[in-house]
Amino acid sequence: MSHAVEIRDLHYRAGKSFEIRELALNVPTGSMYGFLGPNGAGKTTTIRLMLGLLRPRSGRVVVLGGEIPREAPRVLARTGYVPEQPHLYQSLTVDEALRFHAAFHPSWDRKWADELIGEFQLDRTRLLSRLSKGEMGKLEMLLALAQRPELLVLDEPTDGLDPVVRRDVLTALLEYVSQQNATVFISSHLVHELERICDWVGVMDRGRLVAELPMHSFKSGIKRLRVANPPALPGDTPFVVLSREQGAGSVETWIVRGWQAPMSQYFEGVGAKLRDVVDLDLEEGFVELLRTFRTPRI
Amino acid sequence: MSDMTAPRRSGVLVLAAVLGCVAFPPVAQGQDAGQLRRRIALLEATHREAMAAAARSESLRAEPHDSIRVGRLTVFARAIDDVVQQATAAAWRTLDSIYGDAASGLAEYPLTLTSQERINQVEFFRPLPGGQQRIIVDSTAEVRDITWQLVNAGALSIQAQADSALKNWLGGAPLAEQTGLLSPRARAYEEMVLAPWRSVRSCYLGDLTWCRVALGLAQDSDPVRHWFDAAERRDVVSDLINYDHVRRQRLATDRCLTLRSDEACVAILRSLPSTIPLPLPLPYATRLTLVRRAIDLGGRDAYSRVARGEGSIEERLASAAGVGADSLIAGWRRDILAAPPKTVTFTAAAGWSAVGWVTLLALLGLRSTRWR
Amino acid sequence: MFRQILYTQWKWSRLVVLLGVLAGFALPLLSVQHSAYTDPSNWEAREMLGQLQSWGVLYPALATALAVIVAMTAWAADHRGRHVYALSLPLPRWHYALLRFSAGAILLVAPILALWIGAVLASATLTVPPGLHAYPTALAGRFGLALLVAYATFFAISAGTARTAGYILGAVVVLIAVQLLAQAADVHLSLLSWLWDRLSIWPGPLEVFTGRWMIIDV
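Chains as they are written, first to last, in the working numbering: chain L, 279 to 576; chain Y, 148 to 519; chain G, 988 to 1205.
Among the clues, some could well be false.
[Stated by the list, open to error] Covered stretches of chain G (in silico footprint by chain Y; criterion: 3 or more residues with CB under 8 Å from a CB of chain Y, positions within the stretch not fixed):
1) 1096 to 1107
2) 1120 to 1128
3) 1156 to 1168
4) 1188 to 1197
[Claimed, not checked] Derived Cβ-Cβ restraints for the label pairs, each shown as a range:
5) L:ASP373 x G:ASP1184: 49 to 59 Å
6) G:ASP1173 x Y:ALA477: 44 to 54 Å
7) G:ILE1163 x L:ARG569: 34 to 44 Å
8) G:ALA1048 x Y:LEU406: 43 to 53 Å
9) Y:ALA485 x G:TRP1181: 26 to 36 Å
Just so you know, these hints were derived from the structure itself, not from any lab.
Glycine included, every Cβ here is placed at the ideal spot set by N, Cα and C.
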């Protein structure tokens, strides 16, 4: 499997309180990679390191086959980026911003840009400083898409947008991806949003990558089990026990990862009884994953 | 009390005055006017004595305690630090190079450096012992400022020994001039270009006879007629009209300015008292440049030959320079015309230097880091 | 690419540039306004020079003010956006800085040209007394060099990080503090005047700001 983004042993430190350590991350080419994490987890910092906007202390970043930051200009020419905060020059009009951006991107698709302006209902003559948050979000997405990138890096692209605008933006994104087979790296803390569109997921917390796996594994692999007469020590389990919680009587609730149905035999082997297996949705799984990462309770 | 130092004595006297006031409170009741007057007189006398003692103590405090001698130049100062040492050495080098052997006369005229912050009225007017000259400098003055002050004072001491003809011709200006924004030759150039007189213009164009007139070298007993033509005389009168002496001669000024009577103009200008000097075609500072050229040509003893007082100023300068008068004046004129002040134009070197700085700074700007 | 950079910079600093053009054009004309010379008396020549000299300080002041503002505006929008947009553009950082620098320098050509035209007109309207000369081109040339030196200086400072600016400011503050302490302790130390001499005497960068800024001079 080739990777659009490969990060190895990345170390970055900002001040005394925040640090990214030993980060290793792989974004398969052509995938839609959801980058999850709570606020302050280091998602934006990782993205900036990925695009050469920040200098790592050590480690290696390769994007679209180019070393960052050495080959950043070549990589950025093939990468569309929507940052977390609006970053465009506020004193320009929409039209001026488009012309400015187009001048730097040789692959700029002017026709499609014009179409997107119509779809997004953006006023060409309006100053950027006068755009609403939704309009600004749409313009940022337009600029990233119309340069026909091989990789789209979207940092919380729908954060703060109303549902209608969010749908418009995501529709345009999915349409482009389906046409171009581009790789999308999308960070968000809105778990449900990523659940529907991503096929890979990476979870980050406190500057470290907690998990990185295909979405289907993530979604199906995390379960809540109700176990009667559980063993004091779980021993050698065929699944990963994320947490255990004492329930009523001798029943415990286990959160496990990597669960498959035949694994229920394990409980018979240790004298316990599996009462119930509950599917967790992505958000619940995400929350449990983070909880376990922060305070392991086994 | 005889061995008491001045500051202590003044303190005691002030204390006595204060105690006097406390011991005899100003209660007028029961006292006659005579008693009161006597007490007031007593207090006033005590106060006067206290003030005088304070002034004496301050004077003692400001008194220079140290001295330095470089060549024949002796400088007294409260403390001889590096700055004073360097300035004295530099001043002596300058004076020696200009005045040569005549600079040895400085041994009789030591200079005293006094800090501007420390001197008071009493100190300022008190004569210094042994013919010392006082130079008041700022406590933060740099070497070059003190050097110039020493050179200036030293030069005036040396030139004071010259005969009156030379002193009058130089107008009391020292030969060693401070290099300010404009060099003396550049200033002379400006005068040559800007002076409104025919004599100066003709000199500028190369007529040496007019150069002599402009420099005041010509043997003329009537500068009013020699220095200026009729129109220029009218201009001078018009320029001096605000002086009472001129204004009072209403009839003559009317005839001079309105009826254009040259005789009236001449009469007014000839009647000027010494307090209203006739404008010089070229100022004293320009004359100094001629003397400096003669000294430069003549070598170490040149100033002594100028100051010796034999013959006219022109002859003395020629003798000092060791060349003919025409040659000296022509060379001086060439010198001055070759030294115009720095105008807004810039040399190629300055232009390229600026371009170099722009390039260097731009390159620094291009190194703007992407790491923020 | 350059056209777009030039356009943005023009949009951000056009008011200042237009004011600079106006001031540059008007300055030489105003400076000679009361300097009418009438022969035969040469009295006015001296007055004229004195008057022109009093205007002289405005040329380097205008150059510095223009340079500071144009250099600052060149980076202001990027500073506001914390350079994220500029850094995400697909070109090396030095190339981007070069485009910004060149755009600012080109905008500054307008006030220089305006000053030259104003100076040429001013000297054409004036009877120059004998011995004096008009220097419209030299005046514009010196103004241009001073403007570019100041612009390059402030551009370089502005292109740096806040930390760089802090270091520069800190160095200046330390210099002044040392000078003041030395003065208070009665120690002869002339750091500032030494520094000024190094900067303002050839080949120092500020040499171009010194001298007589007069359209008419000897």
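Status of the hints after comparison with the structure:
| no. | hint | in the structure |
| --- | --- | --- |
| 1 | 1096 to 1107 | violated (count 0) |
| 2 | 1120 to 1128 | holds (count 5) |
| 3 | 1156 to 1168 | violated (count 0) |
| 4 | 1188 to 1197 | holds (count 5) |
| 5 | L:ASP373 x G:ASP1184: 49 to 59 Å | holds, 53 Å |
| 6 | G:ASP1173 x Y:ALA477: 44 to 54 Å | holds, 52 Å |
| 7 | G:ILE1163 x L:ARG569: 34 to 44 Å | violated, 57 Å |
| 8 | G:ALA1048 x Y:LEU406: 43 to 53 Å | holds, 50 Å |
| 9 | Y:ALA485 x G:TRP1181: 26 to 36 Å | holds, 31 Å |
The structure fails to meet hints 1, 3, 7 from the earlier list, while all remaining hints are met.
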